[in-house]
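Protein sequences, first through last, are from chains A and B. For the first sequence, position 253 (counting from the first letter as 1) is numbered 253 according to this note's numbering, and the numbering increases by one without interruption. Just so we're on the same page, this note's numbering is the position in the second sequence counted from 1, plus 289.
Bear in mind the hints are in silico, worked out from the structure with no lab data behind them. Please note that the accuracy of each hint is not assured.
What the hints assert, rightly or not - Distance condition first, Cα-Cα at most 27 Å in a straight line; then the derived BS3-like pairs of lysine-lysine:
#  : chain 1 : residue 1 : chain 2 : residue 2
1  : B       : Lys-296   : A       : Lys-65
2  : A       : Lys-260   : A       : Lys-276
3  : A       : Lys-205   : A       : Lys-65
4  : B       : Lys-498   : A       : Lys-133
5  : A       : Lys-282   : A       : Lys-219
6  : A       : Lys-282   : A       : Lys-220
7  : A       : Lys-65    : B       : Lys-498
8  : A       : Lys-260   : A       : Lys-282
9  : A       : Lys-133   : B       : Lys-614
10 : A       : Lys-205   : A       : Lys-220
11 : B       : Lys-498   : B       : Lys-296
12 : A       : Lys-260   : A       : Lys-246
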Amino acid sequence: MAVFLDTADSLSTDAQAIELNAVGFCVASHALLRGVNVRFLPGQISVILGQNGAGKTTLLRLLAKEILPSDGRIMWAGRDLTHHSLSSLALDRGVLEQTVDVAFSLTVEQVVSLGAEVGADVGANFALHVDTKARLVARVEAALTACDLQYLRQRDVLTLSGGEQKRTQLARVLAQIWPENDQQPNAFAGKWLFLDEWTAGLDLKHQLCLGTQMQGWVKKGLGIVMSLHDLNYAAQLAHTCVLLKKGEVLQAGTLAETFKLPLLNEALDAVLRIEKDPITQKPWVLPGL
Amino acid sequence: MRVIIVKWSLVVVLMAGIAFSMLFGTMALDLNTVWAQGLSAQQSLVLWHIRLPRVVMAAMVGAGLAVAGVALQSLFRNPLAEPGLIGVSSSAALGAVLIIVLGAMWWGSVEAWHMSLMAFAFGIASIGFIYLIATRQGYTDVALMLLAGVALNALTGALIGVLVFIADDIQLRSLTFWMMGSFANLSWNTTYFVGAAMGVSLIGLWWLKRPMNAFLLGERTALHMGFNPRRFKWQVMLLSALLVSSSVSVVGVIGFVGLIVPHIIRLCCGADHRTLLPLSALAGASLLVYADLFARILISPGELPIGLLMALLGGPFFLMMLLAKRRGF
Chain A
1 MAVFLDTADS
11 LSTDAQAIEL
21 NAVGFCVASH
31 ALLRGVNVRF
41 LPGQISVILG
51 QNGAGKTTLL
61 RLLAKEILPS
71 DGRIMWAGRD
81 LTHHSLSSLA
91 LDRGVLEQTV
101 DVAFSLTVEQ
111 VVSLGAEVGA
121 DVGANFALHV
131 DTKARLVARV
141 EAALTACDLQ
151 YLRQRDVLTL
161 SGGEQKRTQL
171 ARVLAQIWPE
181 NDQQPNAFAG
191 KWLFLDEWTA
201 GLDLKHQLCL
211 GTQMQGWVKK
221 GLGIVMSLHD
231 LNYAAQLAHT
241 CVLLKKGEVL
251 QAGTLAETFK
261 LPLLNEALDA
271 VLRIEKDPIT
281 QKPWVLPGL
Chain B
290 MRVIIVKWSL
300 VVVLMAGIAF
310 SMLFGTMALD
320 LNTVWAQGLS
330 AQQSLVLWHI
340 RLPRVVMAAM
350 VGAGLAVAGV
360 ALQSLFRNPL
370 AEPGLIGVSS
380 SAALGAVLII
390 VLGAMWWGSV
400 EAWHMSLMAF
410 AFGIASIGFI
420 YLIATRQGYT
430 DVALMLLAGV
440 ALNALTGALI
450 GVLVFIADDI
460 QLRSLTFWMM
470 GSFANLSWNT
480 TYFVGAAMGV
490 SLIGLWWLKR
500 PMNAFLLGER
510 TALHMGFNPR
520 RFKWQVMLLS
530 ALLVSSSVSV
540 VGVIGFVGLI
550 VPHIIRLCCG
560 ADHRTLLPLS
570 ALAGASLLVY
580 ADLFARILIS
590 PGELPIGLLM
600 ALLGGPFFLM
610 MLLAKRRGF
């Protein structure tokens, strides 16, 4: 049975959705994902929750076309993902891996520029994507500002702390998909961010500041799919959730549909307690007794 | 700014090196007499048909080996990947030596392109072999890469030894070139040939500067940025094999250029391939032009094999690099 995440959105955004139909992924006859039916919508933050090895990263890698499904297929904006070229996808979606290790010394600004330059001359229609130098600089600046990195721009990335490196890589990913007029109401439409445990290593200040900005970008049409371990932060950010357990979808849907005690207990194999945050009215998950 | 200064000083240094190489050698040129009387027939023969092709070849090989070093280092994501160190040069030399010793059995006359083709085939096979051994899911195991290089070097060395053993006296003389590397006895024809091969691969690698930059962040990230890592890897392997083998097939094994030059350029001008590739080409060309000049005048009228000279320079440099690494840069 298909579990769809379309909650309160119009048909126009549906056409831009990413839809997984009976997707499975096997490595050497070992199934990392089985029969996944999920739909991710633009303008939403979708959070994937699950234990280590539940298949969160595999799911994100499938979305990024880094690996191809062994079974089923992935529809991206109405077309099979295999028909989208890597270079055209690079203009539409940014991917933050759990860890990126840089081989040689580069400054923070250079790393972020590498992302900004992706849009500069790839794509079938060359003329459409030729950015001027000024536009490149603007994208780099926007990404550096979003990740609070201006004061680190000349630092060698190899000398940064873990959290600073994470922010640098996030800035590079943002620069890759940063829209031209970011103030427009639909500036981020058609763009996606896939974030694999982006909060790991980040201090609280930057987690909160980036989360707030993400909520703003989503309102401008961005679609975000992220994996997280922090249930409370997931409850704050998520419009929809996918609970994964051992490579299968346990439940997918709105926050209210997924943040149920038995479901969470089973997905995470932990004893939990759910309260309600008195101010935001969002679920508040605690280790139970 | 710094890049511009380095670039122009390298251009000046290279030009001066080429001029010195034309002037100095076994046959000395006295500028005053040349100015007054012009070049004698013998002098112009030496200049245009012996010294100039030689200095042009030294510059091309230097640029080619340095750029091959840059390309392999970006492929393996490691500064130690050097054509000599990981066994690519010696494999290409084995291909060339095979043709020198056994070629006469297959073809009536052995021509330069037979050797180059064989050197290329062996060069690319060795890069593919090392890449397959050392890479797991996009990550290169440095220890495996170097050990595979050691194994390849030992194996090709032994096979070359076998071929030396069965070679006759005339073959032995040409074999000596491949063992130590030499710029002696070059003609314009080989220079054109090598120039064409190097031109193609240098332009090809320059075309790959952006995926090379993306590869600094890893194979997966390069894919996320829209580059096809599989295609990129094959392109780099083919083009750097072409660079290494075309230089090995005419001048023999010259090690350490691909290690020293990119390392120094990276230290002073950063790892961005848009500057690293051209500056390494310039610096590699200068390095070999001067090395060849010293190889000729140090023990004049004799000549030091340039491969030996580079090993004498490169060995200590490599040790310094390792010590610097041990201290954590």
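Hints versus structure:
1. B:Lys-296 to A:Lys-65: It is violated: about 40 Å lies between the C-alpha atoms, which goes past 27 Å.
2. A:Lys-260 to A:Lys-276: With Cα atoms ~12 Å apart, Lys-260 of chain A and Lys-276 of chain A stay inside 27 Å; holds.
3. A:Lys-205 to A:Lys-65: violated, 32 Å
4. B:Lys-498 to A:Lys-133: Roughly 18 Å separates the two Cα atoms, so the pair holds.
5. A:Lys-282 to A:Lys-219: holds, 19 Å
6. A:Lys-282 to A:Lys-220: At roughly 23 Å apart (the allowed maximum being 27 Å), Lys-220 of chain A and Lys-282 of chain A satisfy the hint.
7. A:Lys-65 to B:Lys-498: holds, 23 Å
8. A:Lys-260 to A:Lys-282: It holds: about 12 Å lies between the C-alpha atoms, which stays within 27 Å.
9. A:Lys-133 to B:Lys-614: Between Lys-133 of chain A and Lys-614 of chain B the Cα gap is close to 37 Å, so the pair fails against 27 Å, i.e. violated.
10. A:Lys-205 to A:Lys-220: holds, 23 Å
11. B:Lys-498 to B:Lys-296: holds, 18 Å
12. A:Lys-260 to A:Lys-246: holds, 19 Å
Checked against the numbered hints given earlier, this structure breaks hints 1, 3 and 9; the rest are met.
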